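Participant: Could you slot chain B onto chain A? The hints should help.
Residue numbers (our numbering), protein chains in the order written: chain A, 15 to 380; chain B, 15 to 380.
The hints are simulated quantities; they were obtained by calculation from the structure and are not laboratory data.
Careful, some of the hints might be misleading.
Heads up, simulated DSSO-like pairs for lysine-lysine below, C-alpha to C-alpha not over 27 Å straight-line [to be verified]:
{"#": "1", "chain 1": "B", "residue 1": "Lys61", "chain 2": "A", "residue 2": "Lys64"}
{"#": "2", "chain 1": "B", "residue 1": "Lys20", "chain 2": "B", "residue 2": "Lys64"}
{"#": "3", "chain 1": "B", "residue 1": "Lys216", "chain 2": "B", "residue 2": "Lys20"}
{"#": "4", "chain 1": "A", "residue 1": "Lys61", "chain 2": "B", "residue 2": "Lys61"}
{"#": "5", "chain 1": "A", "residue 1": "Lys64", "chain 2": "B", "residue 2": "Lys64"}
{"#": "6", "chain 1": "A", "residue 1": "Lys98", "chain 2": "A", "residue 2": "Lys61"}
{"#": "7", "chain 1": "A", "residue 1": "Lys299", "chain 2": "B", "residue 2": "Lys97"}
{"#": "8", "chain 1": "B", "residue 1": "Lys299", "chain 2": "A", "residue 2": "Lys97"}
{"#": "9", "chain 1": "A", "residue 1": "Lys61", "chain 2": "B", "residue 2": "Lys64"}
Over 10 Å on every C-beta distance to chain B, these chain A residues come out as not near it, computed from the model [to be verified]:
{"#": "10", "residue": "Lys64"}
{"#": "11", "residue": "Trp162"}
{"#": "12", "residue": "Pro163"}
{"#": "13", "residue": "Ala181"}
{"#": "14", "residue": "Ala186"}
{"#": "15", "residue": "Tyr203"}
{"#": "16", "residue": "Lys216"}
{"#": "17", "residue": "Glu241"}
{"#": "18", "residue": "Gly271"}
{"#": "19", "residue": "Pro375"}
None of these values were measured; they are calculated from a predicted model.
C-beta: ideal position from N, C-alpha, C; glycine also.
Protein chains: 2
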Amino acid sequence: MYELLKKDGRAKRGRLTTVHGVIETPVFMNVGTVAAIKGAVSSPDLKELKTQVELCNTYHLHVRPGDELIHDLGGLQAFMSWKKPSLTDSGGFQVFSLAKMRKLTPTGCFFNSHLDGHRVFLGPAESMEVQRLLASDIAMVFDECLPWPCDRPRAEKSVETTIRWAADSLAAPHAPGQLVFGIVQGGVYADIRRFCAEELVKLPFDGYAIGGVSVGEPEETMYAAVEASIPFLPEDKPRYVMGLGVLSQMAECVARGVDMFDCVIPTRVARHGTAITRHGNVAIKAAKWERDHGPVEEGCTCYCCRNFTRAYVRHLLHAGEILGVRLLTIHNVNRLCEFMREMRESIAAGTFDQFRHSLAPPTTND
Amino acid sequence: MYELLKKDGRAKRGRLTTVHGVIETPVFMNVGTVAAIKGAVSSPDLKELKTQVELCNTYHLHVRPGDELIHDLGGLQAFMSWKKPSLTDSGGFQVFSLAKMRKLTPTGCFFNSHLDGHRVFLGPAESMEVQRLLASDIAMVFDECLPWPCDRPRAEKSVETTIRWAADSLAAPHAPGQLVFGIVQGGVYADIRRFCAEELVKLPFDGYAIGGVSVGEPEETMYAAVEASIPFLPEDKPRYVMGLGVLSQMAECVARGVDMFDCVIPTRVARHGTAITRHGNVAIKAAKWERDHGPVEEGCTCYCCRNFTRAYVRHLLHAGEILGVRLLTIHNVNRLCEFMREMRESIAAGTFDQFRHSLAPPTTND
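Pulled out of the complex, with its shape left as it was, chain A reads as follows (with noise of 0.2 Å):
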């Protein structure tokens, strides 16, 4: 399902092939976490902004509205009009965000919705219920996602149970052509994530996720897991850094290997008035905006960049009017899909050491 087109150094070009289409890799996916991009951006508007892959959590959506009205509304590319591929979590990622309100077992994972209280279970088969019933194009095993910092027992037996869910995940019915992906734990023990690695490619997934980081952890502490990781993936199946947004470092991620990545990031300090751009992020409240005629950034051509003013924008931010959140998420999305875009044609054109040295330094948010 996977086909490595091209390398360069380290960096992989690639095309995965899913029930909704093919995505062409390097890839960012966006979060649309109960099948919306926050916002005020709807899938048509991904889909015009040529955005390939739109990213849905499975907690999220079991709690509200519930997998099986989904199910019923067609499957989640129907309920949300997307046509493209589409991805589901596994609930593992809320099993750390969740911390405070949710008990582990040895087979899955207690949660008190984080709505109204009600109890909620995910484990694997539950966890793959779901996500068949959702129909992803990817679906996610149920795992643990260890927080930073974490000492060495929690790390070793965890990664025995994510392991375990793995296989147990696998084994579960899936959506007919739905895709699954294993995803490696072990925290910052470089043994651990080999040890991980090597257990889950003795199973035959689609490919495999890289998670447990990029939750509060250095950025160097963030490679150096990448790096215990990936020689022990297989190169020719895509490799998966969770949660990862920030545009050096999936640079620096592609670079060792690294083909798909998603992120709140986008959506998140869109929301906060920021504007990512190539030379880094812009507070576009800020008052030196205050009577820009330029656009959000200079050079771009979305939606945004096209028809407004770093003026305009400024002024609907602080006047709370949800349009500058909504101009702000499209050009961020956009920023970011036009980066992979880069990524993948200068691999291509075996370039990509140029263009990743040609990068701003990483502003990690707003």
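Facilitator: Same frame as chain A, now just chain B:
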């Protein structure tokens, strides 16, 4: 500047020429209070929806971001990327709506800014100067919008001021080609409305508005106020009922010879989860739409109805995703735009009365 094309009973079909193009009447004008339609709908979106006029608020834009800033950026149309006709109100409505934070004087009105309490003065000269800097296609005279109820002595006195301010507004400098409309006030008192209209038509306004209606009075009282004004306003000028946006009420006014309308209804009810349809208002959050495969309105061809189900829009509204508000806003704006087109066509075809009698009874809000 106004060409009367066809009459069908008292209903008129006309054409008003402005600097930024021709307005086909009857027309509904969308309210973009602070140079933005609420609900994350942009000016290019409005163009795609084939709406004709965007209306903005003098008081609000004066307070933030400032008329002088907008002038610097090329005027209102350039600022919000709207290339078609625009109208600015005068601040007279805020004399009514911000009654608790303003003080009337014989020369105008002091407001305590709703943003930070600083003092703002608007009189005929100040309002027209703001509108000149905004460079709208149609400017409205500065008036006092009376509340309902309002006793006769106050209405009499107020209308004297409104007439004087109308003359002062017309005498003030305008932007090149800017049209100026007078506003008939007078509350529920037919003879005062008649007096006001007769005084205003002595001045060479480009159109005449009927203000101080739809401010809480019963529907029949509102029609009576319109009836009391219309006969004294020339047929060969546009007549504009301010603040009205209920479908059946607009049809009743068109039947009485009105050309223009504006209202926040389509955007406001969308924020509350209400769709305006041919058959009345529909609360899309209602449980009965939970699994509904149909579009927000059967037979509607708007972007929302072409792409999404009631179940999906309902889910977005319940999940607090602002995409839900945007989609309903688009639907509602389109519904009103289509409605006005149907009125124009039925007048042209001489079938306006049939159209009017086919309408659902009014559902004024959510």
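Participant: Would you pick out the hints that fail for this structure and give their numbers low to high?
Facilitator: Failing hints: none at all.
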